[in-house]
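Numbering-wise, the sequence shown is residues -18 to -1, 1 to 268 according to mature numbering (1 follows the signal peptide of the UniProt record, and there is no 0).
Among the hints, a few may not be true.
Stated by the list, open to error - Calculated pairs, DSS-like style, for lysine-lysine (alpha carbon to alpha carbon, straight line, at most 27 Å): (1) K247 with K263; (2) K263 with K184; (3) K145 with K263; (4) K184 with K247; (5) K184 with K145; (6) K247 with K10.
Stated by the list, open to error - DEER-style ranges, computed between Cβ atoms: (7) A187 with P117: 34 to 40 Å; (8) L20 with Q120: 25 to 31 Å; (9) Q120 with N94: 19 to 25 Å; (10) H79 with D248: 37 to 43 Å; (11) N228 with T116: 16 to 22 Å; (12) Q118 with I198: 32 to 38 Å; (13) R252 with P117: 33 to 39 Å; (14) D19 with G165: 22 to 28 Å; (15) E119 with S91: 27 to 33 Å; (16) D19 with T102: 21 to 27 Å; (17) S88 with G132: 21 to 27 Å.
In case anyone wonders, no lab produced these hints; they're calculated from the structure.
All C-beta atoms, glycine included, are put in the ideal place defined by N, C-alpha and C.
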Amino acid sequence: MFFSVLFFLTITLSTVSAAPSPTSTGFKPTFNPREEDLILPSRSRLAIPQSFTNAQRLKAGLPLKAPRRFHSRDDYGSSPPGYPYPPYPVPSNHPGHQTRGFIQVSESSTGNVIGFVGNTFVIDGEYGIIPPSTPQEQRLLVNVNRATRGPQSIQTSNGPDDKFPYLGSILGFGSPSGDLSPGSFSYTYIGGTSKPTPPGSKPQAQANSFTMDTGIDREIESAVFTLHHDDSITIQWVNEDPSVNNCFNHIGVIASNILFATGDKDQFTRVFGATTWVDFKFIPIY
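When you get a sec, could you build the whole thing from the sequences and use the hints?
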């Protein structure tokens, strides 16, 4: 795609490059699985946008949405266990209630806005960035709780697959462990999850967009996002090893336009090459 080449040529010119190097064992991990690594015979699948109306579904030959019922929310602002849909919408900008908006992406080193999180998956069920000039309907629409001052799960309203209505961290294919910490190049994709995980919980085996697309099982966490008073959003993956918990997570985007998080920028670029490091900011819709 022309945009992908032009866009990432522009933003990576200002990024300090680091040539990939093999690990001490001589094994070279790959950021995404190779074709021979895939368990599914094909990565092509039917992704039904959450924004599709029943009329659009009929026209496309897709099944209709099941009727939605009013129901109570659980402690994490999510649906009751086993319920297939996100909770019924509530008024925006009310304390303790969900506020809709977009996630703006800026380059960490300069503060320059380079785009927004888009509402499509890039390669293997991961989200990427679209330019600021792209129509708003192509931005990922998210719902956050502005009264929560700690990790929370973020719901999506117009993602590429309504089976994964939560934004989440998915353990990377090439990660050597489930810990994002200094001294390790472990990383997590930013993709979609089927259900929320409780804040503070360790990686869980749960349906997610990467596993659906590749057939490769990877654990996830969804309650990793913290919305700060200045509307910045940070990510905090809960490590399996308690001795390396509370490690700062750096958000990045690689040349193939895949968003991810890692605990050590230097180790990551040593293994996977040049990366643009970015910051997230919530832009509410009024």
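So, going through the hints one by one against the coordinates:
1. K247 with K263: 20 Å, holds
2. K263 with K184: Measuring from Cα to Cα gives roughly 25 Å; hence the hint holds.
3. K145 with K263: 25 Å, holds
4. K184 with K247: Distance of about 22 Å is within 27 Å: holds.
5. K184 with K145: Holds - the C-alpha atoms of K145 and K184 are around 22 Å apart, at most 27 Å.
6. K247 with K10: 17 Å, holds
7. A187 with P117: 34 to 40 Å: About 37 Å separates the Cβ atoms of A187 and P117, which means 34 to 40 Å holds.
8. L20 with Q120: 25 to 31 Å: Given range 25 to 31 Å: holds, Cβ gap about 27 Å.
9. Q120 with N94: 19 to 25 Å: 20 Å, holds
10. H79 with D248: 37 to 43 Å: Because 41 Å falls inside the window, the suggested range holds.
11. N228 with T116: 16 to 22 Å: 35 Å, violated
12. Q118 with I198: 32 to 38 Å: Holds: the Cβ-Cβ distance is about 33 Å, inside 32 to 38 Å.
13. R252 with P117: 33 to 39 Å: Since the Cβ atoms of R252 and P117 sit about 38 Å apart, the hinted range of 33 to 39 Å holds.
14. D19 with G165: 22 to 28 Å: 26 Å, holds
15. E119 with S91: 27 to 33 Å: Cβ of E119 to Cβ of S91: about 30 Å, so the range 27 to 33 Å holds.
16. D19 with T102: 21 to 27 Å: 23 Å, holds
17. S88 with G132: 21 to 27 Å: Since the Cβ atoms of S88 and G132 sit about 23 Å apart, the hinted range of 21 to 27 Å holds.
Of the numbered hints stated above, the single one contradicted by the structure is hint 11.
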